[in-house]
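Starting from the known structure of chain A, fit chain B with the ligands onto it as the hints suggest.
As a plain string of letters, each chain reads:
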Amino acid sequence: MKANAVYRKEVKASSRSIRFSMALMGFNGILAAAALINMYSLLYQVRTTAEIQYSGLLEMYRIVAAVEFALLLCVMPAIASGSISGEREHRTLDLLLTTQMSPRQIVWGKLMASLGDMFLILISSFPVMALVFVYGGVTVKDLFIVFLCLVTTALMITGIGLYCSAVFQRTVLSAAVSYAAVVLLVGGTVAANRFVLGLSTMRWNSYMNQIGSVASQATSGGFQYLLLFNPAVTFYSIIREQSGSRNALDGIAGWIGLHSEGWIADRWILVSLCVQLVSAVLLIRGTARWIDPASRKRRMPAKSFWRNRKKN
Amino acid sequence: MLKIKDLTKTFGRYHALSGLNMEVPEGSLYGFVGPNGAGKTTTIKILCGLLMPDSGSVEICGMDIAERPREIRGLIGYVPDYFGVYENLKVSEYMEFFASCYGLYGLKARRRCTALLEQTGLEEKTEFYVDGLSRGMKQRLCLARAMIHDPQILIMDEPTSGMDPRSRFDFKEIIRELNEQGKTILISSHLLQELSEICTDLGIIEQGRMALSGNMEEILNRVDTSRPLSITVNGRVEQALAILRSHPCVQTISVKDKEMMVGFMGDKQDEAQLLQQLVDAEVPVCGYSRVRGDLETLFMQITEKDEKEVLIHEG
Ligand SMILES: Nc1ncnc2c1ncn2[C@@H]1O[C@H](COP(=O)(O)OP(=O)(O)OP(=O)(O)O)[C@@H](O)[C@H]1O
Ligand SMILES: [Mg+2]
Chain A
57 MKANAVYRKE VKASSRSIRF SMALMGFNGI LAAAALINMY SLLYQVRTTA
107 EIQYSGLLEM YRIVAAVEFA LLLCVMPAIA SGSISGEREH RTLDLLLTTQ
157 MSPRQIVWGK LMASLGDMFL ILISSFPVMA LVFVYGGVTV KDLFIVFLCL
207 VTTALMITGI GLYCSAVFQR TVLSAAVSYA AVVLLVGGTV AANRFVLGLS
257 TMRWNSYMNQ IGSVASQATS GGFQYLLLFN PAVTFYSIIR EQSGSRNALD
307 GIAGWIGLHS EGWIADRWIL VSLCVQLVSA VLLIRGTARW IDPASRKRRM
357 PAKSFWRNRK KN
Chain B
387 MLKIKDLTKT FGRYHALSGL NMEVPEGSLY GFVGPNGAGK TTTIKILCGL
437 LMPDSGSVEI CGMDIAERPR EIRGLIGYVP DYFGVYENLK VSEYMEFFAS
487 CYGLYGLKAR RRCTALLEQT GLEEKTEFYV DGLSRGMKQR LCLARAMIHD
537 PQILIMDEPT SGMDPRSRFD FKEIIRELNE QGKTILISSH LLQELSEICT
587 DLGIIEQGRM ALSGNMEEIL NRVDTSRPLS ITVNGRVEQA LAILRSHPCV
637 QTISVKDKEM MVGFMGDKQD EAQLLQQLVD AEVPVCGYSR VRGDLETLFM
687 QITEKDEKEV LIHEG
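Which chain is which? The protein sequence lines are A and B, in order.
Residues 57 to 368 (the numbering used here) are what the first sequence spells out, left to right.
Residues 387 to 701 (the numbering used here) are what the second sequence spells out, left to right.
Think of the hints as simulated: they come from the structure by calculation, not from any bench.
Treat the hints with care, as some may be off.
What the hints assert, rightly or not - Reference listing, derived: stretches of chain A covered by chain B, where coverage requires no fewer than 3 residues with Cβ under 8 Å from a Cβ of chain B:
#1 60 to 71
#2 150 to 159
To be verified - Think about it this way: if two alpha-carbon atoms lie no more than 20 Å apart in a straight line, the pair counts; the simulated DMTMM-like pairs of lysine to aspartate or glutamate are:
#3 B:K524 / A:D150
#4 B:K391 / B:D440
#5 B:K524 / A:E145
#6 A:K68 / B:D517
#7 A:K68 / B:E513
What the hints assert, rightly or not - Quick partial rundown of chain A residues pointing at chain B, CB under 8 Å, derived from the structure:
#8 H146
#9 A237
#10 R345
#11 P349
Note that CB positions come from ideal geometry on N, CA and C, so glycine has one too.
The following block holds chain A by itself, in its conformation from the complex (with noise of 0.2 Å):
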């Protein structure tokens, strides 16, 4: 079984490139900068009190890990999004589309592409990671699960990329609408979250005052499961979970309106990144299916569908 045809070529060709060269450096400097500021601080700490608190340990775990999903976040967009435009921007993939490649080979050959990176990020900064096994406490099952967070994460995001750079003609337009929807879907979703909740309130609140409770019974209803798309409370809920917390939820359950109880919210990793790895192979499926001229009979690019919606 050969590798992949588009994938081979992504390779050979990226490894030409020095901007990969150049954001994985950044990527892992800005790590390697947030782990060893953290360890100095702790330091610092045990020579003034002379007492190592293992709780600051955690901590620094909990930076890197963040910091290491926040640069993800930011990164996976821009590796993605450029991968059909990039094709349509050298006017090759209408040559892809009529060799004997399928367009979901296609899609196939961009999505290990951009996976391999990541896993190339991932895996560059496990010397980083690594400072946190020096003092204990984290187990490598604990790293394993925030690893499949972090891959789950990336895979959803490789999709919205994906998605959008088959959708829109111009890289630079598919980088900007790629970042919009990570941005909507990490805080759009929670301050959707807090508006309802903070709706619902007013209403308690006016009831209560007649009864004279508190009103701790607010929630946002239906709106919470939008956080199953999340994959930041995702990664908050697993930190959360393995920093010995009863519920995966309970730290932000009362901030954003969550149930912390109830069938979904008691298995709420795991329904979270089920639901997430799902929308990414059905965005993936999306995109071959968006580059397949076969599939859309009026194929048009949306530029002139809109010009000829214009004129009619």
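This is chain B with the ligands only, laid out in the frame that chain A set:
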């Protein structure tokens, strides 16, 4: 080999193709000519499976394009009217990449690439970056790329646009050679003259319809018969005129010194017979030929006529 029947394609309300019929015989070098916006590129994209037609059928090697697109893609080599090149790949890598897209790997692929690059005269450029090639070289590289899977049909969309006369000539030589090796070639252009030198068959498309198509020779003949016969004599003009006037095929005669332009409605046999008559009457004929049919004029006639028709319809 390639049969198109009643093909239509609309973009919004614009009819790019309205009932195109076309037939490309096996082993032919088919010139596909039409003015800008006639629908050449649209047709070619449909053939390559990059566009779906609204209606009509396309058959290639007996297979319907809608039913077995994958097999058909293996039979077609497509040279678009632009180059699709990557910045970060060398010529050899570029070729090997497309080879692997067709499932050709390793030594087999490399041999094929080398052979094709040699055939297109790029053997010295294998270590160059694709982006750094000149226009003509890129065009030849695109041709080599399209041949990588040894397709039966080569479809080229305005391949010679933007080339200097020298590369044009070289390019045509390569095409001719490929055709002699048995490849069916469809080549589109808006320059008729250029194609008329090499093509065996011709189709003229106009506003999404085939305006004229057929074997090159037949078309040229058709053009020829509408052209005058030019006869030059060295004396005895009166006698020649007398013979000409009595000939049934002759319709008009205009004399300028010793050169006569004769409107002649007849085939080659009639031409030969007329010459025989003149020689028998001891007219010193020193020039006898059809004024060469100019395809360009025919092209203009066809497109002009259509424009008039359109005007009549509208008015
Ligand atoms: N994607 C599209 N959206 C809308 N209209 C289109 C599209 N592609 C082609 N057309 C229209 O279809 C008509 C035929 O275009 P086509 O590209 O086939 O012409 P052509 O014969 O290749 O012309 P040229 O010699 O300029 O290359 C044109 O009028 C063009 O405006
Ligand atoms: Mg064209």
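* Which hints from the list above does the structure break, by number from lowest to highest? -> 9, 10
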